[in-house]
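Colleague: With the sequences and hints as input, model every part of the structure.
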Amino acid sequence: MKAILMNAPGEPEVLQAGELPLPELPSPAHLLVRLHAAGVNPIDTKLRKNGTYFPDNLPTVLGCDGAGMVENIGNAVTRFKPGDEVYFFNGGIGSEQGCYAEYTVIHEDYVAAKPKTLSMAEAAALPMVLITAWEALHDRVQLRAGQTVLIHAAAGGVGHVAVQIAKEMGVRVAATVSSEAKAAWVRKLGAEKIIYYTSEDFVQTALDWTDGQGVDAIFDTVGGDTFCRSFAAARVYGKIVTLLQTDCAAGLVKLARLRNQSIHYELMLTPAYLGLHQARIAQTRILESGAQLIEAGRLKVEVSKTFPLEQAAEAHRLIEEGHSTGKIVLCID
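Adding 12 to a residue's 1-based position in the sequence shown gives its number in our numbering.
To be clear, the hints were calculated from the coordinates, so they are not data collected in a lab.
Some clues are possibly wrong.
Only pairs whose alpha carbons sit at most 16 Å apart, straight line, appear in this in silico EDC-like list of lysine to aspartate or glutamate [as the list claims (entries may be wrong)]:
{"hint": "1", "residue 1": "Lys-317", "residue 2": "Glu-307"}
{"hint": "2", "residue 1": "Lys-312", "residue 2": "Glu-180"}
{"hint": "3", "residue 1": "Lys-14", "residue 2": "Asp-345"}
Okay, the calculated beta carbon distance ranges per label pair [said to hold, decoys possible]:
{"hint": "4", "residue 1": "Ser-274", "residue 2": "Pro-71", "range": "37 to 45 Å"}
{"hint": "5", "residue 1": "Leu-37", "residue 2": "Lys-317", "range": "18 to 26 Å"}
{"hint": "6", "residue 1": "Arg-329", "residue 2": "Lys-128", "range": "14 to 22 Å"}
{"hint": "7", "residue 1": "Val-248", "residue 2": "Glu-307", "range": "21 to 29 Å"}
{"hint": "8", "residue 1": "Ala-291", "residue 2": "Gly-95", "range": "27 to 35 Å"}
{"hint": "9", "residue 1": "Gln-257", "residue 2": "Ala-291", "range": "54 to 62 Å"}
{"hint": "10", "residue 1": "Gly-309", "residue 2": "Asp-213", "range": "34 to 42 Å"}
{"hint": "11", "residue 1": "Gln-290", "residue 2": "Ser-211", "range": "41 to 49 Å"}
{"hint": "12", "residue 1": "Glu-36", "residue 2": "Ala-291", "range": "52 to 60 Å"}
{"hint": "13", "residue 1": "Asp-220", "residue 2": "Gly-182", "range": "16 to 24 Å"}
{"hint": "14", "residue 1": "Leu-270", "residue 2": "Gly-309", "range": "39 to 47 Å"}
{"hint": "15", "residue 1": "Ala-20", "residue 2": "Glu-307", "range": "52 to 60 Å"}
{"hint": "16", "residue 1": "Asp-68", "residue 2": "Ala-261", "range": "32 to 40 Å"}
Built from N, CA and C at the ideal position, the CB exists for glycine as well.
Modeller: Following this line, the structure appears as C-alpha cells:
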C-alpha cells in the first residue's frame with residue numbers, strides 16, 4: 013500500500029512517498045480501514061520536525077485523524093461491518109501507524125460512525141479538534157450555561173470548533189481574530205464579541221465586555237505571551253485552559269495566584285500515549301456526540317484546503333506558514 017514515510021525528523025522534505033505491506037489485524041477486536049482522507053494537524057508538523065513520542069520507531073507514518081471505509085473485521089468485532097463509513101483519532105505519534113496511508117488498522121472501541129452529512133475529507137478534519145475543544149470546555153474548565161469564555165485564535169482549526177461547542181453549551185463567547193473576514197465567519201459560528209488582537213488589547217476589551225469582572229474562562233490555543241497575559245482578562249476564581257507548554261514571568265503568575273485562578277492543560281494525545289483504554293473510549297463517545305450535533309446541523313467543520321496524499325509535505329508547509337483558517341486535509345482516493 014502507498015504511505016507517506018518519515019525516516020528521520022526534519023523539514024517537510026523528510027516526508028516521502030513509499031510502500032508498506034498491507035497491515036494485518038493485530039487482534040480479533042480490530043478493523044482494517046481503507047482510508048479516504050487524513051486530517052493534517054499542527055502536532056503532525058511538530059512531530060515531523062522534532063521527532064515523535066517514540067523516536068526509535070522509524071520509518072513512521074504520521075497523521076492522527078482519519079476517515080474511511082471498513083474493509084475487514086476481526087471475529088470479535090460487534091460494532092461495525094465491512095462497508096461501514098467511519099472516522100477516528102488513532103496512531104500517528106510514533107507507536108502505531110498513522111493515517112497518511114491507504115490503509116490502517118484500529119481497535120473497534122476507538123472508532124465512530126462517520127457523520128452522514130459530511131464528506132470523507134470533512135470527517136477526517138474533525139477528530140482531534142473536536143476532542144480537544146470538547147475536553148477543554150466540558151472537562152477542564154467545566155463551563156456552564158450563562159457563563160463567558162474568551163477563545164483565542166477562534167478562526168483556527170480548534171478555535172472554530174470551540175466557538176460552536178461553547179455556543180451549544182449556552183455560553184457567551186468572545187473570540188480573538190486577525191481580520192474582518194475571520195470576524196464575520198466566527199460571528200456566524202456563534203461568537204458574541206469579536207476582538208481584533210492585532211489592533212486591540214484583548215485584556216482590556218474582555219474586561220470592558222464583562223463590566224470589569226473578567227471572563228469566567230479562557231481557552232488558549234496560542235501560548236506564549238497570549239497565555240501569560242490572559243490571567244488579567246479572567247475573573248477572580250476564573251479558569252484558564254491551554255494547549256501549549258507555558259513559561260510566564262513571576263509577576264504574571266503571581267496575579268493568577270492572587271486572583272485564585274486555576275490553570276489547566278489540555279493534551280488529547282495523553283490517552284493514546286499512555287495507553288489509557290477507558291480514556292480512549294471516552295474520546296470515542298465525544299466523536300459520537302459530535303456526529304449527532306453535525307447531523308442535526310448544530311456543528312460544522314471548515315476544510316480550507318485539500319492535498320493529494322503525495323503532497324503531504326506541501327500541507328505541512330502551509331500549516332507552518334500560520335494564519336490559516338479551518339483545517340487542511342490529505343485526500344487518499
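Colleague: Find the hints from earlier in the document that the structure breaks and name them by number, from lowest to highest.
Modeller: 1, 5, 6, 7, 9, 12, 15
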